[in-house]
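J.: Protein chains in written order, with the working numbering: chain A, 1 to 329; chain B, 1 to 323; chain C, 1 to 292.
Everything labelled a hint here was simulated from the structure, so no lab data went into it.
Some clues are possibly wrong.
[Claimed, not checked] One-sided and incomplete, this derived list gives chain B residues near chain C with beta-carbon spacing under 8 Å:
#, residue
1, 20
2, 105
3, 115
4, 119
5, 124
[Unchecked claim] Lysine-lysine pairs mimicking BS3-like chemistry, simulated, CA-CA at most 27 Å apart:
#, chain 1, residue 1, chain 2, residue 2
6, B, 287, A, 143
7, B, 128, C, 2
8, B, 133, C, 203
9, B, 128, C, 182
10, A, 262, B, 33
11, C, 180, B, 75
12, B, 17, C, 180
13, A, 246, A, 211
14, C, 182, B, 17
15, A, 211, B, 266
16, C, 2, B, 75
Backbone N, C-alpha and C fix where the C-beta goes; we use that ideal spot for every residue, glycine too.
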Amino acid sequence: MTGVLEVENLSVDYATPSLNVHALRNVSLTVNEGEILSLVGESGSGKSTFALAVSRLLPRNATILKGSRVSFRGKDLMQMKKPQVRQVRGTGIFMIFQNVFLSLNPLMRIKRQVMEAIDVRSKRTRKKPGRREAEGEVASILKSVRIGDAQDVMARYPHQLSGGQNQRIMLAMALAEKPSLLIADEPTTALDVTTQAQVILLLKEIRDEAKMSIVYVTHDLGVAASISDRIAVLYGGMVQELGPAKQVLSDPKHPYTLGLIKSIPSKAKSEGSLDAIKGAFSWDDVGDACAFAARCPLVREACRKSIPALNQANNTLVRCINYGEKYER
Amino acid sequence: MSGNTKASLKIENAVKKFSIGEQTIFSRLRREKRRYINAVDGVTLGVEKGETLVVLGESGCGKTTLGRLIVGLEKLDGGRISYEGTEVRYVRERGAPRGRLQMVFQDPSSSLNPYLSVSTCIAEPISKMGLSKSQVTAKVSETLKLVGMETLFMARRTLDLSGGQKQRTAIARALISDPAVIVLDEPTSSIDVSIQAQILNLLVEIQSLRDLTYVLITHDPNVARFMADKIAVMYLGKIVEYGTPGDLLKQPKHPYAQALLASAPKLDGSSPEAISGEPPSLINLPKGCRFEPRCPNAMPKCREREPTLISRDNELVACYLYE
Amino acid sequence: MKLLQDLRKLASRPSSLIGLVIVFAFYGWSIVEGLLQAAGYLLHIPSLGWVLLPYNPYQYTLSNSLLPPTATHLMGTDDLGRDIWSRVLFAAPTDAMVSVLVISGGILIGSLVGYPAGYFGKSVDEVNMRVTDLFLAFPALILALAIEATLGRDVEYAIIALVVVWWPSYARLVRGEALKIKSMKFVDAALLSGLSNFAIISKHVVTNSLNTVISYATIDLGNTILVYSILSFLGLGVPAPAPEWGTMVASGLNEFPQWWWYALFPGIVIAVIVIGSALLGDGLRDMFAGEL
Chain A
1 MTGVLEVENL
11 SVDYATPSLN
21 VHALRNVSLT
31 VNEGEILSLV
41 GESGSGKSTF
51 ALAVSRLLPR
61 NATILKGSRV
71 SFRGKDLMQM
81 KKPQVRQVRG
91 TGIFMIFQNV
101 FLSLNPLMRI
111 KRQVMEAIDV
121 RSKRTRKKPG
131 RREAEGEVAS
141 ILKSVRIGDA
151 QDVMARYPHQ
161 LSGGQNQRIM
171 LAMALAEKPS
181 LLIADEPTTA
191 LDVTTQAQVI
201 LLLKEIRDEA
211 KMSIVYVTHD
221 LGVAASISDR
231 IAVLYGGMVQ
241 ELGPAKQVLS
251 DPKHPYTLGL
261 IKSIPSKAKS
271 EGSLDAIKGA
281 FSWDDVGDAC
291 AFAARCPLVR
301 EACRKSIPAL
311 NQANNTLVRC
321 INYGEKYER
Chain B
1 MSGNTKASLK
11 IENAVKKFSI
21 GEQTIFSRLR
31 REKRRYINAV
41 DGVTLGVEKG
51 ETLVVLGESG
61 CGKTTLGRLI
71 VGLEKLDGGR
81 ISYEGTEVRY
91 VRERGAPRGR
101 LQMVFQDPSS
111 SLNPYLSVST
121 CIAEPISKMG
131 LSKSQVTAKV
141 SETLKLVGME
151 TLFMARRTLD
161 LSGGQKQRTA
171 IARALISDPA
181 VIVLDEPTSS
191 IDVSIQAQIL
201 NLLVEIQSLR
211 DLTYVLITHD
221 PNVARFMADK
231 IAVMYLGKIV
241 EYGTPGDLLK
251 QPKHPYAQAL
261 LASAPKLDGS
271 SPEAISGEPP
281 SLINLPKGCR
291 FEPRCPNAMP
301 KCREREPTLI
311 SRDNELVACY
321 LYE
Chain C
1 MKLLQDLRKL
11 ASRPSSLIGL
21 VIVFAFYGWS
31 IVEGLLQAAG
41 YLLHIPSLGW
51 VLLPYNPYQY
61 TLSNSLLPPT
71 ATHLMGTDDL
81 GRDIWSRVLF
91 AAPTDAMVSV
101 LVISGGILIG
111 SLVGYPAGYF
121 GKSVDEVNMR
131 VTDLFLAFPA
141 LILALAIEAT
151 LGRDVEYAII
161 ALVVVWWPSY
171 ARLVRGEALK
181 IKSMKFVDAA
191 LLSGLSNFAI
201 ISKHVVTNSL
211 NTVISYATID
221 LGNTILVYSI
231 LSFLGLGVPA
241 PAPEWGTMVA
251 SGLNEFPQWW
261 WYALFPGIVI
271 AVIVIGSALL
281 GDGLRDMFAG
291 EL
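Please build the complete structure, drawing on both the sequences and the hints.
T.: Set out below in structure tokens:
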């Protein structure tokens with residue numbers, strides 16, 4: 001069974017004045033139909049680069065290295081020229097980014113943008129709603145992402161709204177377009193916990209109704225926990241752990257995953273200090289050794305010599321020599 | 001009153017209004033009445049010396065404004081805020097040197113001037129105290145060590161630091177003038193999760209070292225659980241519940257507090273519960289309880305008059321369910 | 001060290017490299033030649049001013065008049081047989097000086113008006129910006145003409161006139177920056193540290209607006225030279241027989257189009273410098289934004 005999205009050996013470099021940054025290295029993932037896969041990571045993990053690479057929206061100084069393959073429903077996205085990417089959106093990929101203006105057109109009023117999303121969907125499903133019906137749908141979708149005063153907001157431009165409102169509008173467009181694959185990069189960070197909860201429920205609803213697959217990029221393990229079927233943990237541009245969400249959260253194998261879970265406060269200060277991961281991510285750690293070695297409580301000599309390969313441990317993939325000594329480099 | 005006579009930091013009926021809409025020459029000529037919202041609408045709290053009060057709420061509830069009122073960055077429109085008897089003075093009024101009340105802001109990238117060195121940023125609160133250059137340098141390096149940073153960072157531009165390092169610098173700046181109270185506005189929301197734990201540990205450590213009083217503002221119940229001695233839940237400018245983390249977080253009484261805690265994502269994979277209704281707006285406040293439009297337990301009397309804080313099982317709650 | 005890094009960044013993009021070369025060549029030459037001219041004036045040895053030039057810019061040989069561009073006269077000669085290239089080179093320091101003085105004056109006055117307007121807002125903002133609007137409402141050239149008509153025709157008066165015309169755009173620019181910066185939390189932190197408003201403006205607001213002002217001013221250098229050339233074209237610059245680019249274009253038009261080089265070459269030089277400063281300013285802006 002081929003997945004809706006198949007990524008093989010995706011590697012992306014950024015060229016900066018001082019050096020070449022390896023933002024993503026040999027990332028391979030598959031997203032199946034109707035599946036929600038979360039990419040969890042922090043600064044330097046490469047998770048946002050992943051979302052941009054798959055959407056073909058990388059900045060000019062980024063290079064996708066040879067050997068990388070990204071295909072959507074069998075179509076190789078890397079081979080497509082720019083105009084065809086628009087067709088890809090038509091066939092069903094929708095992107096929501098933290099940078100509002102990557103998803104929203106600053107020159108178009110909100111109403112028109114959401115109508116456009118409905119249009120794209122109707123071209124795909126061959127079911128075109130009448131104008132009044134479509135307008136009604138716009139209003140109800142905006143209400144469902146809790147935009148109060150939908151009539152007022154519909155007439156505005158993105159720059160006239162707050163960051164949180166814009167994020168909700170992008171979600172609204174996703175809901176309107178009902179893509180087969182949604183790539184969302186931190187779609188709920190600017191939102192209140194209560195709105196976020198609503199959005200998570202909505203996304204799950206469409207997934208159930210329309211079998212939409214979601215690649216959900218986030219730094220928040222809690223959010224990943226409440227929405228994902230599978231979780232991929234990224235660190236230093238590589239997948240460190242990949243497996244069913246329940247498994248990864250209840251029985252984390254990679255020391256980084258374990259550290260992340262432990263650093264979420266679950267006790268009072270009187271019960272002792274938090275189990276923090278020591279140190280911080282540094283680009284110096286991205287090289288020919290395990291990127292997490294500098295901060296790992298279980299580090300050994302071998303960790304600093306080469307990069308461990310992704311090994312199978314139960315039904316999870318882990319990149320750590322504690323789970324089998326195979327190396328990539 | 002939430003708090004008691006032992007409180008060192010006293011907030012009594014604090015009110016802060018903001019006008020909405022623009023005031024132009026034309027609207028002034030037409031003598032248009034200005035409309036106001038009360039971002040902070042009669043908040044009374046007390047914090048004991050060495051204690052941490054967490055103000056828990058979502059954006060728009062007034063918690064940031066309250067924090068700014070406490071240090072004097074905003075001017076009170078009503079009520080009184082005092083520390084150990086001395087009233088807190090608005091920053092733009094000339095007077096005795098400041099330094100007793102300090103603040104750590106949410107986003108360290110905008111709370112530190114990117115073009116200045118770490119040392120210059122940290123030294124700012126004591127730059128007006130007439131200390132000699134070597135005295136200042138000594139204090140800066142001492143404070144840097146206190147926040148776990150090496151002195152080699154002193155000459156670096158803040159632009160070149162990582163998120164965690166920036167926040168440590170901001171904390172050092174807040175500490176250097178030997179304050180008694182530090183208001184921390186979402187101090188860990190803008191930094192990586194794996195660093196958050198380090199910063200929280202650091203804050204607890206410094207608090208006991210220097211016997212500091214913290215007012216920590218956050219929307220994250222996990223942070224509240226760890227840091228708080230007392231929690232005050234805020235909604236639309238008012239405190240709706242007040243108690244210890246043990247009581248409040250385990251068994252919240254106010255329907256909003258219950259909804260807030262239920263909607264926070266948890267690691268066990270359960271779906272967060274969502275409350276219905278529009279996000280609140282301060283512009284068209286209902287006559288009665290502010291949470292009534294979204295409250296699953298709403299009763300007719302909730303729409304008539306606002307409930308006040310009453311004492312219940314060691315907590316304070318503003319809800320007719322408990323009268 | 002950081003300067004070298006920045007220069008390398010600018011040089012990495014072809015357009016800003018061109019701008020850099022043009023601007024450096026122009027001002028570099030102007031400084032050298034300007035010093036020679038000043039020394040010549042002070043020591044009463046005027047010939048110092050043309051020591052580095054192919055010909056004496058004042059030397060006229062009527063038999064050589066209106067010669068086309070050749071190897072000996074790169075830009076040809078004018079109606080009095082004077083070498084145009086030498087005159088162009090000789091006039092350069094004047095334009096360089098005008099541009100620097102006008103921009104400096106504009107920044108100075110603009111800052112005094114604009115920073116308080118943006119930072120304090122309310123009535124200070126209203127008053128300052130209405131005054132600014134008043135000056136902006138005047139067509140620049142007409143205002144400059146009026147000022148010179150009153151004061152007199154010479155380079156100093158041209159500079160004064162131009163500063164009066166130029167400062168409002170800087171007032172607007174720094175006001176915008178001040179508005180942006182005052183809402184940054186490091187300003188709040190400075191307030192909590194007890195810094196005075198003046199200290200906050202100079203330590204925090206100005207430092208964070210330097211990048212914007214520098215990029216804008218660099219592009220503006222070319223503009224001042226252009227407008228000054230227009231003024232001297234109209235006869236309001238340095239009086240004859242001193243060479244002046246604008247004046248040369250004006251005289252050259254009398255011989256246009258048959259003896260086209262006379263009007264064209266000084267015009268081209270002006271255009272090249274305007275474009276060069278625009279390219280450099282653009283490059284600076286992108287470099288500050290981190291895009292290089």
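J.: Would the hint on residue 115 (chain B) stand, with a C-beta cut-off of 8 Å toward chain C?
T.: Because about 5 Å separates residue 115 (chain B) from the closest Cβ in chain C, which is inside the 8 Å limit, the hint holds.
J.: Going by Cβ atoms only, is residue 119 (chain B) closer than 8 Å to chain C?
T.: violated, 14 Å
J.: For the pair supplied as a hint, residue 128 (chain B) and residue 182 (chain C), is the alpha-carbon distance within the 27 Å limit?
T.: Answer holds: residue 128 (chain B) to residue 182 (chain C) is near 21 Å, not above 27 Å.
J.: Is the shortest C-beta separation between residue 105 (chain B) and chain C less than 8 Å?
T.: With a closest approach of 4 Å, the residue 105 (chain B) hint holds.
J.: When the nearest CB of chain C is found for residue 124 (chain B), is that gap smaller than 8 Å?
T.: holds, 4 Å
J.: Would the pair residue 128 (chain B) and residue 2 (chain C) pass a check requiring their Cα atoms to be no farther apart than 27 Å?
T.: Not satisfied, since the Cα-Cα distance of roughly 31 Å exceeds 27 Å.
J.: Is residue 2 (chain C) within 27 Å of residue 75 (chain B), Cα to Cα?
T.: violated, 43 Å
J.: Classify the hint on residue 20 (chain B) as holds or violated, based on whether any CB of chain C lies nearer than 8 Å to its CB.
T.: Since chain C brings no Cβ nearer than about 17 Å to residue 20 (chain B), farther than 8 Å, the hint is violated.
J.: Sort out whether residue 143 (chain A) lies within 27 Å of residue 287 (chain B), counting only the CA atoms.
T.: Since the Cα atoms of residue 287 (chain B) and residue 143 (chain A) sit roughly 24 Å apart, the hinted pair holds (cutoff 27 Å).
J.: Holds or violated: residue 133 (chain B) with residue 203 (chain C), Cα cutoff 27 Å?
T.: Given that 27 Å is the threshold and the Cα spacing comes to 18 Å, the pair holds.
J.: Does residue 75 (chain B) sit within 27 Å of residue 180 (chain C), going by the straight-line distance between their CA atoms?
T.: It holds: about 22 Å lies between the C-alpha atoms, which stays within 27 Å.
J.: Holds or violated: residue 246 (chain A) and residue 211 (chain A), Cα atoms, limit 27 Å.
T.: With a Cα-Cα distance of about 21 Å, the restraint between residue 246 (chain A) and residue 211 (chain A) holds, given a limit of 27 Å.
This entry does not satisfy hints 1, 4, 7, 10 and 16, going by the numbered hints stated previously.
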